[in-house]
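**Q** Chain by chain, the residues run as shown.
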Amino acid sequence: MAAYPHVIYMDNNATTRVAPEVVEAMMPYLTEAYGNPSSMHTFGGLVGQALKKARCQVAALLGADEEEITFTSCGTESDSTAILSAIRTYPERRHVITTRVEHPAVKNLCENLETVTGHKYRVTKLKVDAEGMLDMDEYEAALTEDTAVVSVMWANNETGVIFPIAEMARMAKQRGILFHTDAVQAVGKIAIDLGKMDIDFLSISGHKLHAPKGVGVLYIKRGTLFVPFMAGGHQEHGRRGGTENVASIVGLGRACELAQEKMAEENSRVKKLRDRLEESLLSSIPKSMLNGHKTNRLPNTANISFEYVEGEAILLHMNQHGICASSGSACTSGSLEPSHVLRAMGVPFTAAHGSIRFSLSVYNTEEEIDMVIGSMPTIIENLRKLSPFWKG
Amino acid sequence: MWEYTDKVQQHFLSPQNVGEVEEPSGTGDVGSLACGDALKLTLKIDANDIIVDAKFKTFGCASAIASSSVLTEMIKGMPVDEAAKITNEDIAQALGGLPKEKMHCSVMGREALEAAIADYRGLTLPKAEGEVVCECFGVTDLDVIRAIKESSLRSVEEITNFTKAGGGCGKCEDKLRAILQETVGGKMEIVIPRMVQKKMTALQKIKKIEEVLEREVRPGLRKDGGDIELVDVDGDFVTVSLRGTCKSCSKSQTTIKDYVEKKLREFVLPSLIVEENN
Numbered sequence: 001m002a003a004y005p006h007v008i009y010m011d012n013n014a015t016t017r018v019a020p021e022v023v024e025a026m027m028p029y030l031t032e033a034y035g036n037p038s039s040m041h042t043f044g045g046l047v048g049q050a051l052k053k054a055r056c057q058v059a060a061l062l063g064a065d066e067e068e069i070t071f072t073s074c075g076t077e078s079d080s081t082a083i084l085s086a087i088r089t090y091p092e093r094r095h096v097i098t099t100r101v102e103h104p105a106v107k108n109l110c111e112n113l114e115t116v117t118g119h120k121y122r123v124t125k126l127k128v129d130a131e132g133m134l135d136m137d138e139y140e141a142a143l144t145e146d147t148a149v150v151s152v153m154w155a156n157n158e159t160g161v162i163f164p165i166a167e168m169a170r171m172a173k174q175r176g177i178l179f180h181t182d183a184v185q186a187v188g189k190i191a192i193d194l195g196k197m198d199i200d201f202l203s204i205s206g207h208k209l210h211a212p213k214g215v216g217v218l219y220i221k222r223g224t225l226f227v228p229f230m231a232g233g234h235q236e237h238g239r240r241g242g243t244e245n246v247a248s249i250v251g252l253g254r255a256c257e258l259a260q261e262k263m264a265e266e267n268s269r270v271k272k273l274r275d276r277l278e279e280s281l282l283s284s285i286p287k288s289m290l291n292g293h294k295t296n297r298l299p300n301t302a303n304i305s306f307e308y309v310e311g312e313a314i315l316l317h318m319n320q321h322g323i324c325a326s327s328g329s330a331c332t333s334g335s336l337e338p339s340h341v342l343r344a345m346g347v348p349f350t351a352a353h354g355s356i357r358f359s360l361s362v363y364n365t366e367e368e369i370d371m372v373i374g375s376m377p378t379i380i381e382n383l384r385k386l387s388p389f390w391k392g
Numbered sequence: 001m002w003e004y005t006d007k008v009q010q011h012f013l014s015p016q017n018v019g020e021v022e023e024p025s026g027t028g029d030v031g032s033l034a035c036g037d038a039l040k041l042t043l044k045i046d047a048n049d050i051i052v053d054a055k056f057k058t059f060g061c062a063s064a065i066a067s068s069s070v071l072t073e074m075i076k077g078m079p080v081d082e083a084a085k086i087t088n089e090d091i092a093q094a095l096g097g098l099p100k101e102k103m104h105c106s107v108m109g110r111e112a113l114e115a116a117i118a119d120y121r122g123l124t125l126p127k128a129e130g131e132v133v134c135e136c137f138g139v140t141d142l143d144v145i146r147a148i149k150e151s152s153l154r155s156v157e158e159i160t161n162f163t164k165a166g167g168g169c170g171k172c173e174d175k176l177r178a179i180l181q182e183t184v185g186g187k188m189e190i191v192i193p194r195m196v197q198k199k200m201t202a203l204q205k206i207k208k209i210e211e212v213l214e215r216e217v218r219p220g221l222r223k224d225g226g227d228i229e230l231v232d233v234d235g236d237f238v239t240v241s242l243r244g245t246c247k248s249c250s251k252s253q254t255t256i257k258d259y260v261e262k263k264l265r266e267f268v269l270p271s272l273i274v275e276e277n278n
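For the record, the sequence lines run as chains A and B. Under the working numbering, think of the first position of the first sequence as 1, with each following residue one higher. Under the working numbering, think of the first position of the second sequence as 1, with each following residue one higher.
Keep in mind the hints are simulated off the structure, nothing from the lab. The structure presented is a predicted model; accordingly, all values stated were derived computationally and were not measured. Some hints here could point you the wrong way.
Short derived list, chain B residues pointing at chain A, Cβ under 8 Å [claimed, not checked]: (1) 13; (2) 15; (3) 18; (4) 40; (5) 57; (6) 58; (7) 65; (8) 135; (9) 170; (10) 177; (11) 235; (12) 249.
A virtual CB, placed ideally from N, CA and C, is assigned to each residue, including glycine.
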């Protein structure tokens, strides 16, 4: 088996390491406890109980009831399930509200709604300002009698900016409009208490939470009318067919438990690491700037632009040092355009192509921050020497 | 993510001939910050028309940097006429190949070489500068005007589709409207913003479609012994049934799309999709 290189991993918004405690919790379900939780025999029934426990663990992290938790395969499935359910619940309503900075799972679904259905649906994409924040007046004006659903992310994956979901859900509820939030980046990083909120649907992705890839959750508020996306067996109380991904679900449950335990650390120690990294880079490297609101942000994310150099080139040099991060540049997106999030924020093209996203976790250390702070200035300086736009 | 060859990685990590030639014989400056790719190539050419030195400065990804670096190595010592024959394929090959999404980086190398040689020979490749109107994509007013004229654009939305201007933060929309006004004057399309535009009710839509079919479509079909009947309207989908000679005609699909759909899009709604009832 090839040995994986040791890295300084600062790309946690892309995916996270599976916590050792989570792996341990999963192992029995990958070895001796392989029964089908729907079976009659005890062998399956014991597995069913493990699922139930995981459901309670997830519910506890969200301040929800266990009946409100449905397991899916990923955040994307949860997003599709929620939005399609909402529009099928109100088929005579043909308007959808979302934002310009959503994850492709929501963004592309909404764009397809407009075009693939022969323009039966109209989608409003709320704008963001230079700091990535929404305009509540624009949101209020967009809510109409024709609106079937609002889908707004809780926290942005690229910048970490947090949206006022509680208020937005309340405003939607007042008008009888269903509210969905893609909380994939927010869960586990900031406290969430759904019992007190007007949110109808919420998406979670396991692999952003130190659980394995291939598992997600859709929270459906009790009493919400629901049309299943994946029909099939009676699993998940008929809400989502398909034999459960038991091991990963058990893992996710344990991960949610861990997240509750580590929430304080995420918002103190990890936040301090992020702040130190950010302040040092911004002060030691000229013509660098932060993308996104300075304080209204997830505690682990720093999206920084370095002018006159390009993102992929920066990442590959960082890679040489074993540092893992992402970029909003065109070259790294697979398309020819830079990040739609940075564009929506009006980040000038001098900066958009040279943006790097650092996203930390509880596994990062002070020494790792030291190493990154030590390497970045030289990396940027060397690339600037190559750049025709950098005037020494 | 990209599968880069060893050569590409080598040239990226240790680029050759970085910098600017002093008192260059020819300079090629291509690309822009907006595109995310830019290359400045400077050449020193002697009295025998041989490229004795070449240096580059690049803003771009690993492919862009590697392409520039390998290009300078290729042309050093070459007669200008020979260098002028270098293609982007040559550059990619010299690197052992590039991912297909990155081939445009090799094209940029060739363009810079072309520009540098043209500069040396005293020819200027026509490229007028304009004033940037759209900050997000670096689109100039000249780019917009050219697109408007070349493609007969009549609305801001069309400008965005053709040039990307206005497709980012949206703050330049007013400027674009002003340019459009100046360029085409009275022929501008007045577009009511979607939120204010009153949606046609199904009933209104059906009545309008019937009207247009009767006035614009039926006369032409009846002349040929055919006819058309409106079967259903659902959202933007219009189902029709051809009658008489039209029904058995081999060109019925053309009739539906190029004639019926065209007329309905022109007189009722541009988004209508016409289908035949099977």
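**Q** Return the numbers of the hints above that this structure violates; sort them in rising order.
**A** 10, 12
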